[in-house]
Amino acid sequence: MVDTPDNDHESLDPRHSSAGVKVSDLRAWFIHEVLPMEAALTQYLHHNWRNPNDIEDLLQDVYVRVCEAAIRQRPDSTKSFIFTTARNLLIDRVRREQVIPIEAVLDLDSLGIAVDEPGPDRNVMAREELRRLQAALDRLTPRCREVVVLRRIEGMQRRAIALRMGISEATVAEHLANGVSALADILYGEAVDFRRQK
Amino acid sequence: VSVVSKNGADNAAAAIKARAAAWLEQRDRENWSNVNQATLDDWLAASLAHRVAFWRLDATWERTERLAALRSGSADDVARTSTRWPAIAAFAFALALFAAFGAVRLVPRLWPDEQVYSTAIGGHKVIALST
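Quick note, the sequences are listed as chains A and B, same order.
For the first sequence, my numbering gives the first residue as 1, with consecutive numbering after it.
For the second sequence, my numbering gives the first residue as 1, with consecutive numbering after it.
It is worth saying that the hints were derived from the structure and are not from the lab.
Please read all numbers here as calculations on a predicted model, not as lab measurements.
Any given hint might turn out to be false.
If you anchor each label on the Cβ, the simulated ranges turn out as follows [what the hints assert, rightly or not]:
#1 V35(B) with S24(A): 17 to 27 Å
#2 D92(A) with F98(B): 43 to 53 Å
#3 E65(B) with S24(A): 11 to 21 Å
#4 N36(B) with S168(A): 13 to 23 Å
#5 P52(A) with D28(B): 26 to 36 Å
#6 A170(A) with D41(B): 21 to 31 Å
#7 D92(A) with A89(B): 49 to 59 Å
#8 N36(B) with R72(A): 30 to 40 Å
#9 L95(B) with R96(A): 48 to 58 Å
#10 A14(B) with E169(A): 21 to 31 Å
#11 S33(B) with A160(A): 15 to 25 Å
#12 R74(A) with T39(B): 27 to 37 Å
Quick look at which bits of chain B chain A covers, simulated, 3 or more residues with Cβ under 8 Å [claimed, not checked]:
#13 17 to 23
#14 28 to 36
#15 54 to 64
The beta carbon of each residue, even a glycine, is placed where N, CA and C say it ideally should be.
Next comes chain A alone, as it looks inside the complex (with noise of 0.2 Å):
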């Protein structure tokens, strides 16, 4: 994954900018290591929330908390960090709303949670996420995938994939733009097909 970061000289807390963590260092560790978690970590909120319609402000939530505590001191342990940050979102909630879970589980073992990335074969994980990104590509709507195989795989220009597709310049960039966000929610959110299919 190549990173370009926005602005990666800059500091996160100017006050302490000796101690400050650079902003591309904290996006690096957001991507490699806290986004391959997002599939187990919703499969954990759901497991322990009774709102469904919760889980993408409870996953921000813990994003955000991974982050601030990341700021001042990188976790030893990304994965168990991000859940028990999850297990203490989720008892914060549960205080302040007065309202119950469905159950206190909070043992990741006994949810079977497959958490662990598989062994570093690359070869392997270069083809699987090929396979991933076409399986994720396939589940776009018609014309959402169009427009992003246009711009992103033949590289067209907005004004040529709106004429070729008879559609005016600001639908192509709404189906760029909800092409992303189904895209996140497809590669990051779900789990990987072939654990399920075990």
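Please arrange chain B on chain A, whose structure you already have, making use of the hints.
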């Protein structure tokens, strides 16, 4: 570092995600300027929730770039995580993958999504990566 405001807004995360997607889409335009970038930087700096939402979509956006490398035949880029994957094999795989992808799309969906990988096309076998 500012925390995301929890003002009881309905599904605040979804709104932030939509905004992040719109930013990402705009950044991809030809006329993206330094002024635009500065505005985006301000938005990112306003909340860690903005940053994580944007990073997540940006990482997704970059992942789709691998497919572009595959299409243009520069298999080295696609398999750049691979130590030594011969370019010819990579390209052959690329062709096979696209052929399989096309075939799957032509055939009516008679099987559930999770079985897509297990079709016999191309004779690929499913490799369990986890124990």
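Structure-based check of all given hints:
1. Checked against the hint of 17 to 27 Å, the C-beta distance between V35(B) and S24(A) comes to roughly 22 Å, which is consistent with it.
2. Against the hinted window of 43 to 53 Å, the Cβ-Cβ separation of D92(A) and F98(B) comes to about 48 Å, which satisfies the hint.
3. With their beta carbons about 19 Å apart, E65(B) and S24(A) fall inside the hinted range of 11 to 21 Å.
4. Range check, N36(B) to S168(A): about 21 Å between beta-carbon atoms, so the 13 to 23 Å window is met.
5. About 32 Å separates the C-beta atoms of P52(A) and D28(B), a value consistent with the hinted range of 26 to 36 Å.
6. A hinted range of 21 to 31 Å for the beta carbons of A170(A) and D41(B) is consistent with their spacing of about 25 Å.
7. In this structure the hint that D92(A) and A89(B) lie 49 to 59 Å apart at CB holds, the actual value being about 51 Å.
8. The beta-carbon spacing between N36(B) and R72(A), approximately 32 Å, falls within the hinted interval of 30 to 40 Å.
9. Against the hinted window of 48 to 58 Å, the Cβ-Cβ separation of L95(B) and R96(A) comes to about 55 Å, which satisfies the hint.
10. With their beta carbons about 25 Å apart, A14(B) and E169(A) fall inside the hinted range of 21 to 31 Å.
11. As the Cβ distance of S33(B) to A160(A) is approximately 22 Å, the hint placing it in 15 to 25 Å holds.
12. For R74(A) paired with T39(B), a C-beta distance near 30 Å keeps the hint of 27 to 37 Å intact.
13. Beta-carbon proximity to chain A at under 8 Å applies to 4 residues in the stretch 17 to 23 of chain B; the threshold of 3 is reached and the given coverage holds.
14. Counting residues of the stretch 28 to 36 of chain B whose C-beta sits closer than 8 Å to any C-beta of chain A gives 3, which meets the bar of three, so the coverage hint holds.
15. Figure legend: the stretch 54 to 64 of chain B, annotated as covered by chain A; annotation consistent (11 residues with Cβ-Cβ distances under 8 Å, at least 3 required).
Violated hints are absent here; each numbered hint is respected by the structure.
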